[in-house]
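Engineer: Model the full assembly from the supplied sequences, consistent with the hints where possible.
Going down the list, the protein sequences come from chains A and B.
No gaps in the numbering here: position 86 of the first sequence is 86 in our numbering, and each next residue is one more.
No gaps in the numbering here: position 107 of the second sequence is 107 in our numbering, and each next residue is one more.
Since the hints were derived computationally from the structure, they do not count as laboratory data.
All C-beta atoms in this analysis are idealised placements derived from N, C-alpha and C, irrespective of residue type, glycine included.
Do not rely on the hints blindly, as some may be mistaken.
Sample of chain B residues with no beta-carbon within 12 Å of chain A, all distances over it, derived [unchecked claim]: (1) Phe12; (2) Gln13; (3) Ala50; (4) Val61; (5) Val62; (6) Ile69; (7) Leu93; (8) Gly103; (9) Leu104; (10) Phe107; (11) Ala112; (12) His114; (13) Ala161; (14) Gly164; (15) Lys172.
Derived CB-CB ranges, DEER-like [stated by the list, open to error]: (16) A/Pro37 <-> B/Val166: 43 to 51 Å; (17) A/Val102 <-> B/Leu148: 32 to 40 Å; (18) A/Lys343 <-> B/Leu108: 30 to 38 Å; (19) A/Leu329 <-> B/Glu3: 49 to 57 Å; (20) A/Phe83 <-> B/Gln13: 49 to 57 Å.
Here chain B is said to cover these stretches of chain A; the calculated rule only asks that three of the stretch's residues, wherever they fall, bring their Cβ under 8 Å from a Cβ of chain B [what the hints assert, rightly or not]: (21) 102-115; (22) 134-146; (23) 251-260.
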Amino acid sequence: MDTASFAHSLQGWTGGGPLWVWAALSAFLIIYLIALPFGGFATYVERKLAADFQDRIGPNRVGPYGLLQFIADAVKMISKEDFIPAGADRFLYNLAPLMVVVGACAAFAVLPLSRYLMGADVNIGIFYVLSISTLVAPGILLGSWSSNNKWSLLGGLRGAAQIVSYEIPVALSILPVVMISGTLQIGSIVEQQGWAPGAENAAAYHFWNVFHNPFCFVASILLFIGGLAETNRIPFDLPEAESELVSGFNTEFSGMRFGLYALGEFAEIFVMSAMITALYLGGWHIPFLNLESLFIKLPTGLMAIIQLGMFSIKTLSLVFVVMWLRWTLPRLRVDQLMGMCWKGLVPLALVNLFGTAVWMWVFNGRSLAQLIFGVAGH
Amino acid sequence: MSETAKIILVLFQLLTLASALLVTFSPNILYASISLLFAFLGVAIMFLYAGADFLAGVQVVVYIGGVTILVLFAIMLTSWMYQVKLRDSRGKLIVPLLLALFGLLPFLYQGAQHLASRVLRTVPPDFQTFAYSPKTNAVGEALLGNYLLPFEGITVLLLGALVGAVWLARPK
Chain A
1 MDTASFAHSL
11 QGWTGGGPLW
21 VWAALSAFLI
31 IYLIALPFGG
41 FATYVERKLA
51 ADFQDRIGPN
61 RVGPYGLLQF
71 IADAVKMISK
81 EDFIPAGADR
91 FLYNLAPLMV
101 VVGACAAFAV
111 LPLSRYLMGA
121 DVNIGIFYVL
131 SISTLVAPGI
141 LLGSWSSNNK
151 WSLLGGLRGA
161 AQIVSYEIPV
171 ALSILPVVMI
181 SGTLQIGSIV
191 EQQGWAPGAE
201 NAAAYHFWNV
211 FHNPFCFVAS
221 ILLFIGGLAE
231 TNRIPFDLPE
241 AESELVSGFN
251 TEFSGMRFGL
261 YALGEFAEIF
271 VMSAMITALY
281 LGGWHIPFLN
291 LESLFIKLPT
301 GLMAIIQLGM
311 FSIKTLSLVF
321 VVMWLRWTLP
331 RLRVDQLMGM
341 CWKGLVPLAL
351 VNLFGTAVWM
361 WVFNGRSLAQ
371 LIFGVAGH
Chain B
1 MSETAKIILV
11 LFQLLTLASA
21 LLVTFSPNIL
31 YASISLLFAF
41 LGVAIMFLYA
51 GADFLAGVQV
61 VVYIGGVTIL
71 VLFAIMLTSW
81 MYQVKLRDSR
91 GKLIVPLLLA
101 LFGLLPFLYQ
111 GAQHLASRVL
121 RTVPPDFQTF
131 AYSPKTNAVG
141 EALLGNYLLP
151 FEGITVLLLG
161 ALVGAVWLAR
171 PK
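Structural biologist: In structure tokens:
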């Protein structure tokens, strides 16, 4: 079910009303059902993990095991004084956090949660995610400039330079998948990764793209590193390096505006993990098991829930790795960051791209799993 | 196209026009460049309405993700850039205005024709609307098929620009 058909059925159930109202509502539903709860819960998990890594207890006062801490945080942020520093550019100061949130949350529209549960399976899916998330960079840059603070401006310039640079290895690491699948449509890319032993029409399906060939394996790791840098996470959190720049681009932001920046960051982490899951880790597919060809026929709703669960497990494991790295690795220097991107990741990504092309040519488009189990090429 | 879709399209066209005007007339160079961002966004949405989804994506990636960011960078790294007054003497405006009017003539002519047909109740010149259909495959095949030579020419040009930039920025 996608948002368009969901809007139609909402219109049907309630018996009328203009369609665009229901369409807008169902679009908001994605954000309120996924982005906001995830953002809130991720702050809790991150603090708990930090506590575990540092041998502390962490939040434990609000609710059982401190589970409701994020609700208390949200209430605090909303009820804080709405504060704009003197000398700030009011219009841009208000606009900038919104651009970050819009850029991050708009990508949720094409996330393939399950075969039967997807906002919109548009034809240019991957390209849409890449393009809409470029709105984040001007958001950070303008927010830093408008708060009239030198630390902010330095952080913002770093952030924009970092995001623009790391977009290139990210795009180059997505291209091998596009080359293998021959499409930009995320739904059909995930579909092609559903190979299971004994499946009929096995030539059309290869196993997870990460195991398609050795170059793809490297490309998926590059994609993860690049995504980490694009979301400004440690070890790439130079835009808000608190030991040098107070809090970087969001130094002057407080209350809900700061909350929006934080929500945007967590939404970006989710989108990045979900994209890696969909492109390389087989999306909603359960490894070596095809739900459609079981000996009993499962109802569609149940299959949707199982697939959603599988997708969430993969995505949230990646989110866990992101948080794990945060408390493990030290921060890079600016020159190291740029050197790593332009001298390390970009050439390696180009090698992967070329290597995948050679593999496709030599083995007639077959994946490693298909070669091992002797499937004819397509 | 449904009525709602038409209204949304007109709203975005107004947004594009207003931001384009702001780019030209805003005395603050930073606001001008941010208006440029919204003008680019509006153009991308118009591409979507014309059924060119891939082009809309390219518009956003290249112009918002690349050009606007570079412009913002250039502004923020130039000292006293926001204090520069972007006003010129009136006399210098005449030739550009004439040129702009000359460029606008076809559109003005079409608009007048449309208006006349409304008044005279004749059939208006047909505004073409396109049904949505994916264009990515067609674009890819055109670039690497029929138009391979110009495509390769542009890549060589871009490579030259890249090498030139590295040469300019080399340590002396």
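Engineer: A separate judgement is required for each hint: does it hold in the structure or not?
Structural biologist: Against the structure, the hints come out as follows:
The non-interface label for B/Phe12 is consistent with chain A: the shortest C-beta to C-beta separation is roughly 15 Å, beyond 12 Å. B/Gln13, annotated as away from the interface, keeps every beta carbon of chain A farther than 12 Å; the closest lies near 18 Å. Non-interface status of B/Ala50 relative to chain A is upheld: no Cβ of that chain comes within 12 Å, the nearest being about 14 Å off. The claim that B/Val61 lies off the interface is violated: its Cβ sits roughly 5 Å from the closest Cβ of chain A, which falls inside the 12 Å cut-off.
Not every CB of chain A is more than 12 Å from the CB of B/Val62 (nearest about 9 Å), against its label as outside the interface. Distance to chain A contradicts B/Ile69 as a non-interface residue, since its nearest Cβ pair spans about 6 Å, not more than 12 Å. The claim that B/Leu93 is not at the interface with chain A holds, since no C-beta of that chain comes within 12 Å of its own (minimum 28 Å). Non-interface status of B/Gly103 relative to chain A is upheld: no Cβ of that chain comes within 12 Å, the nearest being about 29 Å off.
At roughly 30 Å from the closest C-beta of chain A, the C-beta of B/Leu104 stays outside 12 Å, upholding its exclusion from the interface. A cut-off of 12 Å between C-beta atoms confirms that B/Phe107 is not in contact with chain A; the least separation is 29 Å. Annotated as non-interface, B/Ala112 keeps its C-beta farther than 12 Å from every C-beta of chain A; the closest such distance is 33 Å. Every beta carbon of chain A lies more than 12 Å from that of B/His114, the smallest distance being close to 27 Å; the non-interface claim holds.
Once the 12 Å rule is applied to beta carbons, B/Ala161 is consistent with being away from chain A; the minimum gap is 16 Å. Non-interface status of B/Gly164 relative to chain A is upheld: no Cβ of that chain comes within 12 Å, the nearest being about 17 Å off. The beta carbon of B/Lys172 sits about 19 Å from the closest Cβ of chain A, which is more than 12 Å, so the claim that it is off the interface holds. The given range of 43 to 51 Å is respected by A/Pro37 and B/Val166, whose C-beta atoms sit roughly 47 Å from each other.
Range check, A/Val102 to B/Leu148: Cβ separation about 38 Å, and the 32 to 40 Å hint holds. Taking the beta carbon of each, A/Lys343 and B/Leu108 are about 54 Å apart, not inside 30 to 38 Å as hinted. The hinted range of 49 to 57 Å is satisfied by A/Leu329 and B/Glu3, whose Cβ atoms lie roughly 55 Å apart. A hinted range of 49 to 57 Å for the beta carbons of A/Phe83 and B/Gln13 is inconsistent with their spacing of about 37 Å.
Coverage of the segment 102-115 of chain A by chain B is violated [criterion: at least 3 residues with CB-CB distance below 8 Å; count 0]. Under a criterion of three residues with beta carbons nearer than 8 Å to beta carbons of chain B, the stated coverage of the segment 134-146 of chain A is upheld, 7 such residues being counted. Residues of the segment 251-260 of chain A with a Cβ under 8 Å from some Cβ of chain B number 0, which does not satisfy the need for three, so the listed coverage is violated.
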